[in-house]
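Undergrad: Residues per chain are reported as follows:
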Amino acid sequence: MGKDLIQKSLKDSLFTGIIALALFGPIVGLRTVAKNEVLVVEPKWFVVLLIVAFCAVGRFFINIYTYKKEKRRGESSSLGKAISNFLDEKGAQIAIAAIAFSIIFPFMPFADRYWMDIAIMMMTYIMLGWGLNIVIGLAGLLDLGYVAFYAVGAYSYALFAIHFGWSFWICLPIAGLFAGMFGILLGFPVLRLRGDYLAIVTLAFGEMIRILLLNWYELTKGPDGLTGIPRPSFFGLPFKRYPDEGVETFHTFFGLEYDPMQRIIFLYYLILILALITNAFTIKIRRLPVGRAWEALREDEIACKSLGVNPRNTKLTAFAVGAMFGGFAGSFFATRQAFISPESFTFIESAIIVAIVVLGGMGSQTGVVLSTIFLIGLIEVFRDFESYRMVAFGGAMVLIMVFRPRGILAKRKPTITMGKHG
Amino acid sequence: MSNTLLDVQNLTMKFGGLIAIDDLTFSAKKDHITSIIGPNGAGKTTVFNCLTGFYKATAGSMYLNKENNKMDLKKFSDFKVAQKAGVARTFQNIRLFPQMSVLENMMVAQHNKLMVASGFSILGLINSKSYLQKEKEAMEISKYWLDIIGLTNRADDNAGDLPYGDQRKLEIVRAMCIEPHLLCLDEPAAGLNAKESADLNKLLKFIKNDKKTGILLIEHDMSVVMGISDHVVVLNYGKKIFEGTAKETKNSPEVIEAYLGTED
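Going down the list, the protein sequences come from chains A and B.
Numbering of the first sequence is given in our numbering, commencing with residue -11 and proceeding in unit increments.
Numbering of the second sequence is given in our numbering, commencing with residue 1150 and proceeding in unit increments.
Derived by calculation from the structure, the hints in this document are not laboratory data.
All values derive from a computational prediction rather than experimental measurement.
Ideal placement from N, C-alpha and C gives every residue a C-beta, glycine not left out.
It is possible that part of the hints are untrue.
As the list claims (entries may be wrong) - A few chain B residues that face chain A, going by a derived Cβ cut-off under 8 Å, partial list only:
# : residue
1 : D1227
2 : A1237
3 : Q1241
4 : L1245
5 : A1304
What the hints assert, rightly or not - Only pairs whose alpha carbons sit at most 20 Å apart, straight line, appear in this in silico DMTMM-like list of lysine to aspartate or glutamate:
#  : chain 1 : residue 1 : chain 2 : residue 2
6  : B       : K1223     : B       : D1172
7  : B       : K1285     : B       : E1328
8  : B       : K1361     : B       : D1172
9  : B       : K1179     : B       : D1359
10 : A       : K401      : B       : E1284
11 : A       : K272      : B       : E1328
12 : A       : K272      : B       : E1284
13 : B       : K1388     : B       : D1359
14 : B       : K1229     : B       : D1156
15 : B       : K1351     : B       : D1171
16 : B       : K1229     : A       : D288
17 : B       : K1205     : A       : E289
18 : B       : K1178     : B       : E1392
19 : B       : K1262     : A       : D(-8)
20 : B       : K1354     : B       : D1221
21 : A       : K399      : B       : D1306
22 : A       : K401      : B       : D1310
23 : A       : K399      : B       : D1305
24 : B       : K1229     : A       : E289
25 : A       : K399      : B       : D1310
26 : A       : K401      : B       : D1305
27 : A       : K401      : B       : D1306
28 : B       : K1354     : B       : E1328
29 : B       : K1360     : B       : E1328
30 : B       : K1233     : A       : E289
Work the whole structure out from these sequences, hints included.
TA: In structure tokens, the structure reads:
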């Protein structure tokens, strides 16, 4: 096997190198530069050579690595396993530590505006991931249009807040309710669909909502977006340097100096609380009959029917509950940005959220957190490289799928246990 | 005829031009194990699919006597047959929830009861005492059945990790968790060894005698059929060709012909 393997791998890596050359040669190697007002092609063959060498060598090692483990294909690597076992054993402590860290995070010395913004963004994705985890991870319904509910939540929040002037805490449940209703609306036509077909229809649904928002100008202002969405206030105390006449603000009430960071920190805690509520809710409902029915439906719909489980209601509740949390996250997004437009709710958002759930390990709450940190963090780190960000994103996905084919945390814990001897 | 549990009259099922079941009439008694046998493709599983609402029968009637209350099975579509009429079934190719634990499989089978107890999740979310009590009861029921098939110590393992024979038994007791009046078993002995087959016979007799649940059985394994059936219905090409006790069936020339063919 040994010699044969190396020979095969070499052949394969040579092939990879050729493909890489064909791809990167034109993309990276040829660059047009304006010289004396004339466009000149400037080749950069050295960079291409580096990339091609990297691909070929990488392919070679991946080959050797995976062939070596052929007998236990499908299982994940030992390193991944060790991490997963560690997380399993110390799960509770790690969760507490992580929550504690996220609570003190805004007061860390390095937590400036930039880090806070990233933290808020990550927390939003974590919340969306947890919401979508109900639909994909538990109920096994591949929903590629989740961003639609995020959009419905954001727009209903914005419209209610702008037109009726209601406060955040009133608009939030309304937005969630609206999103949940849209979840049921989507749920009905797709009840009979599974797998690929379901994915296609949900994808179309996501686009429909976006196009609707784009074209219903009277209501949504179309591509101009909605501006002037009220910022959240701290139980009625606004975060403003120069408040309106007779209105007490957050900093005067607490006798603090005005600092724009106060609002950011408040937003951070807001999304932290919303996300933790989502998490607590999911953990709890998973152990209730409806949660078990979701998972049973993912496992075998026909068996569910034979046991008298109503698949229609079960699916609809999964869609509705998942959508509701998407709606909550959407209202947060609207109030944070104070401006929303259909631009923010494109398919790529859905794709990122699905990637977070799938790469985290379907149904795993901790997995969602880890993959969010990994994926969003990576996108952020590569911010300076602009167009290469998505390459890094794709590369991260490939890495996870190579080392952990069933997601970062694939192990599922039973929702109810008999204990050692009943 | 108060003892009749299931009464099937002139049941016909057509798929386009193909007649899968042709004018089938039979009945099953409350304290009986009624077997449906026949060569491959005789329409046995189709009968089950009609009874349990997976197919809509083209013609004929199916009535279930539930505590002297006659229920028309044709009125119920798929899951409602199990939920409302109390007809449970197992499948030819085992359909457990493989990634869920044995105990969870048993709990899902008690879904409807628990769903009501959890106030459609609202009482459950606030940890209401009455729900926790009901959940405990459901666990007791699960444990009771798992004790019977000897799987209590594997209750927390994934159902998909069990040996084949145990999966078969688990599927049967899981179906019993919905407290059915009629239990339809589709080839429960397929792929079992002699000992497992004997265990299965014991389990089915227990369900019949102690749980007073009527059993409708599709089976190829003649040792199971002959050992426990009170009544046998033989199908061939969708038609009933014989009906009688196990002994009568064994000696019936029509049945032998259907299985072994005739001399030309």
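Undergrad: Given the hinted pair B/K1285 and B/E1328, is their alpha-carbon gap at most 20 Å?
TA: holds (17 Å)
Undergrad: Keeping to a limit of 20 Å between CA atoms, is the pair of B/K1388 and B/D1359 held or broken?
TA: Not OK: B/K1388 and B/D1359 at ~33 Å, beyond 20 Å, violated.
Undergrad: Under 8 Å, Cβ to Cβ, is where B/Q1241 needs to be relative to chain A, so tell me if that hint holds or is violated.
TA: Given a least distance of 12 Å, the restraint on B/Q1241 is violated.
Undergrad: Does B/D1305 sit within 20 Å of A/K401, going by the straight-line distance between their CA atoms?
TA: holds (10 Å)
Undergrad: If you draw a straight line from the CA of B/K1354 to the CA of B/E1328, is it 20 Å or shorter?
TA: This hinted pair holds, its Cα atoms lying about 16 Å apart.
Undergrad: Regarding the pair B/K1178 and B/E1392, is the alpha-carbon distance no greater than 20 Å?
TA: Given pair B/K1178, B/E1392 holds - Cα atoms ~14 Å apart, limit 20 Å.
Undergrad: Does A/K272 pair with B/E1328 here, judged by a C-alpha cut-off of 20 Å?
TA: violated (27 Å)
Undergrad: If you draw a straight line from the CA of A/K272 to the CA of B/E1284, is it 20 Å or shorter?
TA: Holds, at roughly 14 Å.
Undergrad: Does B/A1304 pass the interface check with chain A, least Cβ-Cβ distance below 8 Å?
TA: Result: holds, 4 Å to nearest chain A Cβ.
Undergrad: Does A/K399 pair with B/D1306 here, judged by a C-alpha cut-off of 20 Å?
TA: holds (12 Å)
Undergrad: What's the verdict on A/K401 and B/D1310, does the C-alpha distance respect the 20 Å limit or exceed it?
TA: Holds, at about 15 Å.
Undergrad: So if I understand the rule, the pair passes when the alpha-carbon distance is 20 Å or less; does A/K401 with B/D1306 pass?
TA: Holds: A/K401 and B/D1306 sit about 10 Å apart, inside 20 Å.
In summary, the numbered hints that this structure violates are 3, 8, 11, 13, 15, 19 and 20.
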